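Got chain A; can you put chain B on it based on the hints?
Chain order of the listed sequences is A and B. Residues 1 to 370, numbered by our numbering, are exactly what the first sequence covers, in order. Residues 1 to 370, numbered by our numbering, are exactly what the second sequence covers, in order.
Hints may contain errors.
A pair counts as met if it fits within one copy or between any two copies, since identical chains are not told apart.
[Unchecked claim] Derived SDA-like pairs: lysine to any residue, alpha-carbon spacing no greater than 25 angstroms straight-line: (1) Lys355 with Asp313; (2) Lys355 with Ser322; (3) Lys355 with Glu179; (4) Lys363 with Leu310; (5) Lys248 with Ser191; (6) Lys363 with Gly61; (7) Lys355 with Leu310; (8) Lys355 with Asp332; (9) Lys363 with Gly330; (10) Lys363 with Gly304; (11) Lys164 with Ser36; (12) Lys355 with Asp333; (13) Lys164 with His125; (14) Lys221 with Ala70; (15) Lys355 with Val370; (16) Lys180 with Lys221; (17) Lys363 with Asp313; (18) Lys158 with Asp148; (19) Lys221 with Asp148; (20) Lys355 with Leu312; (21) Lys248 with Phe177; (22) Lys248 with Pro258; (23) Lys363 with Leu312; (24) Lys363 with Asp308.
Worth flagging that the hints you see were computed from the coordinates, not collected in a lab. Keep in mind the model is a prediction, meaning the values are calculated, not measured.
Number of protein chains: 2
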Amino acid sequence: MRQRGFHAIVPAGGAGTRLWPLSRSGQPKFLLDLTSSGRSLIQQTVERLTPVAESVTVVTGVAHAEAVIAQLPGLPADAVLAEPSPRDSAAAICLATAVIAQRHPGAVIGSFAADHVIRDVPAFHRAVVEAVAAAREGELVTIGIAPDHPSTAFGYIKPGEQLKVDGAPSAVRVDAFVEKPDAETAAQYVSDGYRWNAGMFVARADVLLDLLAQNRPALHKGVLELAQAWDTADRAEALERLWPTLEKVAIDYAVAEPAAAAGRVAVVPAGIGWDDIGDFSALAPQLPDVQAGDEDRSALHILGDVDDVLALDSSGVVVARSGRKITLLGVDDIVVVDTADAILVTTRDRAQEVKDVVAELRKQGSTDLV
Amino acid sequence: MRQRGFHAIVPAGGAGTRLWPLSRSGQPKFLLDLTSSGRSLIQQTVERLTPVAESVTVVTGVAHAEAVIAQLPGLPADAVLAEPSPRDSAAAICLATAVIAQRHPGAVIGSFAADHVIRDVPAFHRAVVEAVAAAREGELVTIGIAPDHPSTAFGYIKPGEQLKVDGAPSAVRVDAFVEKPDAETAAQYVSDGYRWNAGMFVARADVLLDLLAQNRPALHKGVLELAQAWDTADRAEALERLWPTLEKVAIDYAVAEPAAAAGRVAVVPAGIGWDDIGDFSALAPQLPDVQAGDEDRSALHILGDVDDVLALDSSGVVVARSGRKITLLGVDDIVVVDTADAILVTTRDRAQEVKDVVAELRKQGSTDLV
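In isolation and in its complexed conformation, chain A is listed as follows (with noise of 0.2 angstroms):
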């Protein structure tokens, strides 16, 4: 199944705010175990592609390089760029892209987030090796999630016709990419067959910075030159030196709008079980239900140890982190998540606004918390 030529990114950044207090500027969501699977989101990742790439390179905060590289100590030691300060993902993904192009001439590159979830890993695997065909022929190549409800919490791919490209049977060419929709227009796109878009995509080293280069030909100098630096003696010194002047730009900004509008993109559908877990709420169906409930929403589903819960005539999601009894009396699709000092009440309905709390900590200078 292994691609050859075919080489993973996993950036691993962003905090997970509306995790808190789960999440913590020093235990950011990707080092989390979200799915009692007893390993964390990173781990899955890095243990999910490595039966299709030939190589992981993780991109990650040098706060974090270390305890990524605790847990993934099968990765080599020059898997995991270490960056000096966040600017964004078009900086992040290029430069392990330039450093893996150097490496690997002729690399096929893929960019997988740290923090997601796949329950369907034979299906993504499936996904990535037709994404990988398509790639080889020029696309930048994404794979579009089969939405299973109208979410407006994710961006949509609008597809276009059938690409015809050998060993990618169900590639067709992405006519936009659009923002988060309103649930009515939500409803839309899942009825007119438009994909959510997961940040997945799959591309030539070559192709991707080409693009690059056309559309931010500042940053392409900037991480090309640090990519050459990168495994010499002069890697501390270009990145002192260039890494504070590379534009903070997201990569879809960058580079994938650019090139969709210029026909350069192709999407493969495929329905893998994926969720960003971009809340507490979300973290439901990744649970198994301790009190099974005619649908989720009656359920309680718990995080950590079940013995550590009671619940009566409650459901809802519960975070066991501290060790402590949590009993729960009479509160519907509540929220609680203890930890060892501090604990959140909430409801699923409210749990985006996590990130509230955590500003508010912030402010009143709780910064031990956060």
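Chain B in isolation, oriented as in the chain A frame:
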């Protein structure tokens, strides 16, 4: 203000399982500070009685005698009567009455639960003074609380004709004690001028013991024999021999109700800001509003360090006892109780059912937590 010959009894029993996990079998409700006053309920009770009574005697279980003595260093050593096991209120109060009658011939006693709150202490003192005056005339005198809402959680006192006793101008005959009513009946009771039965009563020791002798001769005999041995070297032997034989019965059934039926009971009506803090919802009016609302239900009430709580768009009752940060987001009428080893999340409407959580924990063998 001290009433000559008046001696107070403070029965300190009952775990208060509706206040779990704050109250535990080893840390019952009466030992807790539930009003952010810095004083436990039993300390407040004794301090409230000291200005009007010649002595205060506490009756409590052996398991709690040490903690009671530690909280009440001003009490003489012989003022705490320790019961080997709980035998309900008639045995406890009548034993204390008989011991006081021996120590202070001609005493008038008054019994006041250790775990109630009274916000208007001067009004309470005025009521006690009237009750003592009526008691000297041979009445069993209850203090009847002016209801501020048609509660279904308390028994009621049906008032009858005016009593004509010097020093007790507001005392009236009690026609009957009635059980906790349903909501409709409660509303009728309130409009008919009924009073809440707070279980507070005052009587001459000889009158109370005579009423016990008439209604429960065996219990009377046992209590008297025990009292005779109490201040002698025979106490331990008498306790071991007699205590287990005493009938387990509430003083309401053993004395107050039959006495009312015989026209022997009076009531002094009083508005004293009384509450028995029967559950966490009842804590709310006892605590300062941190986040003021138009009415009680829209406010957030905190027992503990207010700096430990961050609430956004939330109302209810929070008990902060672990030192951890408790954050609430978008939860209304919530109850969150955070202790070192257990946490409770429920609603004010369900607060009465917290006893079911304790029952379930016992059933599951979590005896260390209850």
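Would you list, in rising numerical order, the hints stated earlier that this structure does not obey?
Hint check: 5, 11, 14, 16 and 19 fail, others pass.
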